[in-house]
Each structure stands twice: as structure tokens, then as C-alpha cells.
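Colleague: Here's the letter readout for the chains.
2 protein chains.
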Amino acid sequence: MRSKGLPVTAFKEGRGFLAQRQKLVRETVLPYQYSILNDQLSGVEKSHAIQNLRLAAQKVAGEEVQGEYYGMVFQDSDLAKWMEAAAYSLAERENPELEARLEEVIGLLEKAQHPDGYLNSYFTVKEPDKRWTNLQEAHELYCAGHLMEAACAHYEATGKDRFLRIMERNADCIYQHFMEECPRGYSGHPEIELALMRLYRASGNEKYKELALHFVDVRGQEPHYFEEEKKRRDWILWQRPEEPVEKEYTQSAKPVREQKDAVGHAVRAVYLYTAMADLARETGDPTLKAACETLWESITQRRMYVTGGIGSTVLGEAFTVDYDLPNDTVYAETCASIGLIFFARKMLELNPLGQHGDVMELALYNTVLAGMALDGKRFFYVNPLEVAPGISGEAATQRHDLPQRPQWYACACCPPNVARLLASIGSYAYSAGEDALLIHLYLDGHVDTPFGWGLDCVTGYPNNGKVTYTFTGGARETVALRIPAWSGNTVLKHNGKTVDLASVLRDGYAWLSGGFQEGDILELELDMTPRKVYASTRIPADTGKAAVMRGPLVYCAEGVDNDGDVFSLSLDQNGGLSAGAFQPEFLGGVVPVAAEGWRTQPAEGLYTSQKPRRERGEIRLIPYYAWGNRGLNQMRVWLPEN
Amino acid sequence: MRSKGLPVTAFKEGRGFLAQRQKLVRETVLPYQYSILNDQLSGVEKSHAIQNLRLAAQKVAGEEVQGEYYGMVFQDSDLAKWMEAAAYSLAERENPELEARLEEVIGLLEKAQHPDGYLNSYFTVKEPDKRWTNLQEAHELYCAGHLMEAACAHYEATGKDRFLRIMERNADCIYQHFMEECPRGYSGHPEIELALMRLYRASGNEKYKELALHFVDVRGQEPHYFEEEKKRRDWILWQRPEEPVEKEYTQSAKPVREQKDAVGHAVRAVYLYTAMADLARETGDPTLKAACETLWESITQRRMYVTGGIGSTVLGEAFTVDYDLPNDTVYAETCASIGLIFFARKMLELNPLGQHGDVMELALYNTVLAGMALDGKRFFYVNPLEVAPGISGEAATQRHDLPQRPQWYACACCPPNVARLLASIGSYAYSAGEDALLIHLYLDGHVDTPFGWGLDCVTGYPNNGKVTYTFTGGARETVALRIPAWSGNTVLKHNGKTVDLASVLRDGYAWLSGGFQEGDILELELDMTPRKVYASTRIPADTGKAAVMRGPLVYCAEGVDNDGDVFSLSLDQNGGLSAGAFQPEFLGGVVPVAAEGWRTQPAEGLYTSQKPRRERGEIRLIPYYAWGNRGLNQMRVWLPEN
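Residue numbers (the working numbering), protein chains in the order written: chain A, 467 to 1108; chain B, 467 to 1108.
Don't take every hint at face value.
Any copy will do: because identical chains look the same in the list, a pair fits if it lies in one copy or spans two.
Unchecked claim - Distance condition first, Cα-Cα at most 20 Å in a straight line; then the derived EDC-like pairs of lysine to aspartate or glutamate: (1) Lys1077 - Asp993; (2) Lys713 - Glu724; (3) Lys713 - Glu860; (4) Lys959 - Glu511; (5) Lys1077 - Asp1038; (6) Lys932 - Glu989; (7) Lys726 - Glu860; (8) Lys726 - Asp751; (9) Lys675 - Glu530.
Worth flagging that the hints you see were computed from the coordinates, not collected in a lab. Please read these numbers as outputs of a predicted model, since none were measured by experiment.
Could you put the whole structure together from the sequences, leaning on the hints where they help?
Modeller: Printed below as a string of C-alpha cells:
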């Protein structure tokens, strides 16, 4: 069954776990990131993103440009993602100061836009004669896509259309160039495709869908556009002239319908797949749908970490090969898991299978949340599953696996990406089919359905497994509620009466057909018993090991809870796990888990034939998302089991 | 007690394990490598090393040069190492054809040498105006060092001094330049230092020792020579002008006496340390000795694989940080373990500690022997401890970890290095102090001591632990026999009477004082019980795992012996090991080991909460050096133990 997402305004946050993160984004992350984007915070990597736009506005106005462009070629996109997050937060609650800041930036965008609709601060300020000449590297369409998403979000959230009109003019300019003048070109970094689909829905203008489909179709065709472009162009950003075009990296090694494995730059991959799935849903093209299913399986069955992280290597920030999932040299970029959530959402809208929702939840509650410190002011770009201070961040192969979160990055794609995802999480939790509401995530708060009725949800999830929905109106329509595959013993009640799950469960969703009255109550009780998880023996890195999960949360052992040494710990193969009481003051409120295990006594020297002595010991585990918030220390997800 | 090595002519090989390798080198490896160096073998990486020399000879003679230089800037060194190996083999047995080939190449060297003694085919043919202007990268002194070593070997082995004289003239040219004209310069790749010490001993000329010490002393001083050189020079080989000088890579980050950790390019490191230890022995300089001991400990106590491999990363072919010893992304270059053997030999000559001999033996019987296929015609440059076809050699992070040995390499340093080490292994087995013969390795064959008496050694080591020495002359002097730390239950008999080991064992050597008669027999019986070895829990890669060893041999599980899947195997923590009977026809003659263990049944999907079923199973293990000789398949040294 096809469904479609609800507008961000349909959801009002409650007081639960994710609502706390949304509040953090609203109250801390957005002002903090604005101060960086506006160069008001010292001691962090400089952004200059807003200033770049001011310079572009001066240039377009024919004024003297008061300074130089600074930062990555895609610096505009950091600001765009922040704008998108800010817009969502306005949907949740009014904030005149933030609204004014947004209007100011929108005003700058308006001024920085050329009369023909072109809008990009890098090219306007720094390379005015080089527009569209380096699609492989220069992120022009990528930046445009992020601004389009922000514009759609702003329109959805506020109903104001100034920003939307700017980006429609920009999209028209792009349409003109790529449908007429340069019909073989497409972006080295996918993003415009999924953004055009949003713009199509916000504006109702079919030509944006047409352009999105065109960009997807033309990608990877031979003769290869980037090879031809390279011959024509006399400038580079990174790639040396003598090097061949990185086709996997730019997601252009093959036409999209011929791709069988998730390869290359992981963020680019999932951004592309998101648009493919959206178009498959929109057009009904079975070949596009089949390609999405193949790529989904490639990721989730062979190339994904237990934390929902993707991209095994820093080299090209990329997927590698099946079952190559090292825990220490891992990349697992925060943005890649965010993109995986985008892809999962579109796969759900295309076909609601529990596995799509389970993966969405896994990536969200583990890698994405780990990407931001509990205080909202530090961020991981890379999300290792194992950290040994002295090695992590130090060894040549692990320079990128930082053991602590930095405040900002020269390439700052992840921090505002986390913000926009969390600020709009309600729109991921629900989608609506023709006559059904689909519930993908359990979010404390209220949702208004397009059918005229609403649901109040109260839950302490994921700290506990109890989720209660109350109908705020009578409902003819079906409610399809995701039942996670990990929940062994699930109880679902309708007005206190237990529902026979077996009879309603299909593909990971409980399908409850209509006839709900206002005030009806659905109670879901998920099985939050902590459990050990085992990896396929095809993953060399995880053999002989187990990870601990509880609900959707992966747990980890941190040195600070385990006498400073997690590498001498092992799980007892017959040992139990026990969840502690909810600790509201610990790490922002967590349920710690204790595991029966062993501590191996340190031996002399590097290698010994003496079997090391070991003692029984309790292993103290915390949710993975909360690691790295208590100073430099060890961390490990996969523990030997013996 | 200081000792010094015996000449290569003092040892005559018998029929034992290493003698078979020496025979293989003589009969197969040397002709095979010559055919490659002389471009007579098709389908392998081209060498052109001999042809480069012919071109250089034409150039020096003022003739028209008939072709172009081909290959690495250090192509001369491949040939030099082959010449050194060939010379050693002549010490073992006459071979007029090989001798003629050597004479022909020596003749070419003579013709390629400039009147001032300069000798280097790359600079002579390709860059005649750039002599000594890129010491950081250009390997000029490195190539000279290898040719000096070859000349010394040829002189030692044959008594003929034509080659030696050529290299003395070359050393004089270098002395002149570096002691007088350019006294702050030194080589980016150490080698000349240890070679000059050999040349000093072969020629008796003290100035070569003086130059070796000068090169060691001047290294790493500030202002930094390579930084100054880089400013002066307008050409590069690899390093881009905007990059800083790679000081650790070139072993020049600090003056040698200030170095505390083994860092940078592993081969460069141990070649340097070898010269340092040799000079410490020769000069008695306690600061140099202390530096060697510190660096020895850094390697062997914190940065060495259980196989005696060193260099954890392909990035700079380098050491990384303490305890970073990944088994799959490992580098562990064959040449680095050869260099570790050089260093160990010089440490032994400086101070005979069992640990030096144990490490020498470990590196020899595992990494170095693994570097060459059993047929002598394929070679590993990189020696992984874990190989999963599909990942190894494929994943971006493991491109260098090939699962099968290639025939040759564009950078072919390792193959002839193995040949020269094996061809001269007798000179590593023994050294002589003032009044003692020190026995470091157990080699079937005969040794003549400088004291006028000899020893016949008969042994099936390392396939069995029995070593019998028969005196071929009366001996006043002490015999010090290494007793490996791994031998738990060692029996030593003198003429059938058990020696009280405790009373004679000191620092890993049994010191048996004089009074031996001709025909006296020493019988050593080492404990060859297979054993499990455990790594320090500080090594994240090996936690929860054990390796299996027997004598000096590390064992591994190969897919071909284990139903095609070693990654689902684990050792039983209470399970035994059993050594099989010696199988003379299997892998060139090995003792296989079987371990009691488990096979985990493959589970569905990537991760599962179902504890995977497992069944008891026998794990079949072979010596690590013999892996990769039966087609593409899995291999693993460290196995989970549970």
C-alpha cells in the first residue's frame, strides 16, 4: 500500500524522549548553530555561511564586495539545513526572534539571487564565470536542493511563500539549463532530486517532478557526463586532472536501475535512493521500485552496522564490500544514517514493511542520536563502535575516528542535518494511505490525520515499551501500527481488550481496521527485555562477540563505568542481562543494563602462553547514543562472549 | 657479552628445514628472479634492473644510450639484493653459470661507475644533473648501501675483490661528498649506514665506520636537512611541494638518541636501528645502546604481531601507535620482518638476550617464510593475519592485503630480500664472543668456529624439537645455546647426561663452559607441545581470541582445511590441542595441529537476537608460513575462544 507523509504541522510534540531532543534543538542547538553560521562564536571552526550570502547579495546588487568567500564550496547547504530545522521548530511553536532571523536570511537569499533565478554564494562571489561547469565536484545542485528543502519546510511550517517563490525561480532556472541547454548533466552529489520532489509537492508544479525524474534517469549513462565535462573544464576543486573520474563516489558508475550494490560515498548513495524510492512511489515505475528494493537489501542485509551506521571506510566516505564492517576504522557518518532514514521513509511510503521502520528506528536511536552530544553543542561526524583512546583518533588508520565530539567541523554537514531531522521527526513517525494511518515510530505527542481525526500518544519509549494512543475523533480508517521484529512478547489492547496480534500482523504492521470511536484507546506494550545480538559469522570483525540491545537501543560499555578498561571485559555466554531502573538524572535519563561477564587480568608483555586469569564481573552498559559525554574514555559495542 | 657474526663461509647447510629453503633459493628462486631482473619472463611486472645498468654503462662510456630507464628510482637495489643472495649461494656450493652471471653484472657495474666512483643507474641515465639533490626521496644512498652489501657478500663468499673495490670507490665518493661537501645530508631511507659497517669490516677501512656513525649522528638534527633540501630543489618524485616533509616516514623526526617509539616506515626504522646497534657494539657508546634498547622494547613489547610482523598500516608502510595491531588491514611487510631480524642479530651481538633470539626466530619462521610461496615463485609483500576473500584485497581499506601471492611487484623489494636472508641464514645462527660460541638458531648443518673447532648439527627443527650437536674438534671455549622462552619443558644433555638447566641458564641462554672433546655430543630437546597464545588485553583486535603456536611456529586455520569457512570457528576455552604426525608430503613437510572447538551455524540475515547454534568441531591448523599455497581461500590466525 502506498502512503504519503504528513505535513510537519500535523504533529505536536509531547514530553517524551524525542520531544526532549526537539526541545534541545529548539532551545539550544538552533541558537548555537546560528551563532556559528553567523561567525559569532570563537574557538570553533569558522563557518562564514551567512557572510558568504551577504557578499553574494553585494555582488548581485553591483556593489563592492566587502570580503572574500570562505569555506567549502557547499557552505550554503549548512545554512540551508539550519533554516530547514528552524522552520520546523516554528511549526511546533512560535518564536518571533527566530522567525526574524529566518526572514533576514531569506532576504539575503532574495538579494543574492540573480535575475535569472540562479542562486549560489560560492559561484556568485568567487567563480562567476564557472556556473555549471563542474557538476562532478562543485555541489551547485546539491546546495540548491538543500535550499529548496528549507523553502518547502518554511512554507509548510509558516504558510509564508517568499522563500518558496525564491526557490521556485531557482528551480525554473535549473530546469531551463538542464532540460534544455545541458540535458546530460546531473549532480555529483545527489540531493536536488529528492528536493525537487518536495518542491513539486509544495508548489504543485509538475515540471519539478519531471526534472527530478530526468536527473535520476540521466545519471550514470554513457558516454559518461563527468568524463566529458572534465575534458572541457580547466579547473578542479579536489580531484587531480590525471586521476580518473570517481564514478562510484559520485554515484554514477551505472544507470540507477542497473545498480545492484550500495557503493561509493554513503551519503550520496542514500540521498539518491531516497529520490528513487519517492519517484517509484509517485510514478509506479516497477523497474525503479525493484532497484530500490535491491539496494535496500544490499545495505540492510550486508553493509550496515548494528547501530544503523553505514559506510565502512573513510576512503571516499564510502561503502566497501559485503560484510566488511570494522568497528574501529569505521566511518558511519551521521549524515549517512540520516539519509538512510530518508530512504527508509520513502520505502515505507512505497510499501510499508516492518523492516523499513525497524531500520529507520535503529539508525535514529543509535547513530543519529550519537551524532550529537547530550548538551546539543558537540557533534560526531564519524560514529565508531569501538574506541580506544591512544589508538582512536591517533593511529593513521583511525585519525577520523575521534574519541570525543568536536564543537564544529570545517565540513559541517552533520550538525544541522541532525537538527533538521529531529525538528521534523513527527513527519517520519506517520504516513497516510488512502484509508489508513500508518504509525512507524512511537512518539509522545499529538498527530492530526488527513482524515479529520487525531491521536494522542503518551509513551516513555524507548526507556520503556508502553505506548498509549487515544483517538481524538471517530475513525473509519484503518490504523497500521508497526510491531518491531525485536519485540518478542508484544501485547496490543484496544480499549483494554487484548488484540489477537497473529490475526492482524502483516509484514511487521498490526492492521487494525476502522470503526474507532473518539476516546478509544490503543495500548501497545513492547518487549523491552534486554537481549544479546549476534552478527552473521560472515562479518569477520564481530565473530565470537555479542552486542547488547534493549528495544531499539544498542548498548555499549564505556570505560568510565567499568574501571577504565572495557577491553578486558567479556560477556559470559550463559550469563544474563538485567535492565536497571530508569535513572532520570543519568545521561539525560536512561535505563542502564548490567551483563554477567568476566574480566581478564592483564598479562605481562604483548603475548603469553599462560592462559590469563579471569574473574567474574558485572559489565555496566549504557545506550550507545549516550556515549562520549563524560570525557575521554574507552567504548565498545561488540564484546567478546565466552 | 659482545660477540660478532661468523662469515657466511663458516656454515655448510645440512638437510633440514631451512636447508630445504636454501636449496629452493639456489635452485629455483635465484634463476627465477634473474630471469625477471633480466626481463626474460613475460606476464609479470617488468623489472628492467639489469637493462638500466646496461644503459648507465653506455652513458658513462659516452655511447648512445639504447633505451630509457624503467622502474622505481631504487631499481638498482633489487638487483643488488639478488647479487647478494647469489654470492651467498656460491659460498655454499660452486655454480659456474651463476658465477658467470654475477661476473657479467659486476662488469656492468664497473662500466656504469663514473670516474669519481659515483654509481647509480637512475641518476646516470635519467637525471645526470640531479645527483644528491633529493636525499629525502631518491634512494641514492640506499641503492649504494645494497650494492655495498652485495659486494661484501661476494668478497666473503668467493674471495674475489673486483666488486668490493668498485664499492670502495663508490664509498670513497660518498665519503668525499658527505663528510666534506654536504655534511648535513643523509638518506631518507636508511641502509647505507648498516652497509658501511659491513664494508668497514670487509675492507678494514675505518673511514667507512666513521661515515656510518656520521650518518647516524646527523640524522634528525635541526635545522632539518630535508626541509632545507626541499627549498633548494625544483623536482620531486612523490611528495607534493605543498606537503610538509614526512619526518617520521623518513626516520628523521628526532636525532636517533632521542627516539623513544618505533615510528614511521617500518623497514626504514629497523634498517636504521640495525646500524645503530652495530655502532653501539662497535663504539661502546652507551647512549646509542640505550636508544636501541628503548626502540627494541617499543617494537617487541607494544608494536609487533604474534607472527613477528611489524608495521600496522599501509599508510606510509608504517608503525602506528601502541597496541594498534589489526589483523586484516595490517601491513607487516616481509622486508620489515627481515629488517627486524637484522636488528635482532645486532642486538644479540651487543648483548645476547634470549628475547632477541626469540624474536629473530619468530620473524623468520612466520612472516619471512610466509613472504615466499612454497614453490619459490610467488611472494607476499604484505602479510595479513586474517584473510576473507571478497574483503581482503577488495575493500578500500584492505586493497593491499592480497589473499594470494603475486609473482612480482613494481616495487619488488621483498622477493630478493627473502632470498638473501635465507641464503645467508647460517650467519644469523651463530656469533662468536671472545671465548664463546653463541648459538641463536637451530640449523641442520656444520659450522666452523673461529676457535678452530666445529660443530655438526642434526635437527628436524622446527618440525620436531630435537637438536643434536657433535663437536668436530676439542673446544676450550664456552658454548652458549639459546633456550626459547616458549619451551616449557626443555632437556639438555651433554654426552647423554642431563645438564641442570637452572644452573646454566642466564638471560635465555644455557652457558656451557669449555672442556669439550672432539666427538662430544650436546642434545637439546625442546618442548614442542602445541600451545595457545593470548594477546595483551590492550590489543583491541585480539581480545577474546587465542592463537595457536608450536615451537616457534604460529599456526593458522585455512578455509581449504575447514570446510571453506574459518570465520564460524572458535576454540573451546577448555579444549585441547593435538599435534599430528609429521606429514612429509603435505605443504612441503609440516606437523598439522588439531584444536577442539566449535562451529557456529550460520544465521539468517546480518544480525539476530537468536543465539546461533553451534556444534563441536575440530579445527585443523597449519603453520602460518605455509598459508596461501592452495588457491584462494580464507585464513585466520587469531580465533575466538569460547
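Colleague: Compare the structure with each hint and give your call.
Modeller: Here is how each hint holds up against the structure:
1. Taking identical chains as interchangeable, the C-alpha atoms of Lys1077 and Asp993 lie at most 20 Å apart only when they sit on different chains, with a minimum of 17 Å there against 39 Å within one chain.
2. In this assembly of identical chains, the alpha carbons of Lys713 and Glu724 lie at most 20 Å apart only when taken from the same copy (14 Å versus 47 Å across copies).
3. Taking the shortest Cα distances, Lys713 and Glu860 sit within 20 Å of each other only across copies (17 Å), while inside one copy they are farther apart (30 Å).
4. Taking the shortest alpha-carbon separations for Lys959 and Glu511, neither the intra-copy value of 52 Å nor the inter-copy value of 71 Å comes in at or below 20 Å.
5. In this assembly of identical chains, Lys1077 and Asp1038 lie within 20 Å of each other by CA distance both inside one copy and across copies; the values are 17 Å within and 13 Å between.
6. Taking the closest pair of Cα atoms, Lys932 and Glu989 come within 20 Å of each other only inside a single copy of the chain (7 Å); across copies the shortest separation is 75 Å, beyond that limit.
7. Only between protomers do Lys726 and Glu860 lie at most 20 Å apart by alpha-carbon distance; the minimum there is 17 Å, versus 36 Å within a single protomer.
8. Proximity of Lys726 to Asp751 under the C-alpha cut-off of 20 Å is restricted to the intra-copy arrangement: shortest distance 17 Å within a copy versus 64 Å between copies.
9. When the C-alpha separation of Lys675 and Glu530 is checked against a cutoff of 20 Å, the pair qualifies neither within a copy, at 39 Å, nor between copies, at 68 Å.
Violated hints, listed in ascending order, are 4, 9; each of the other numbered hints is respected by the structure.
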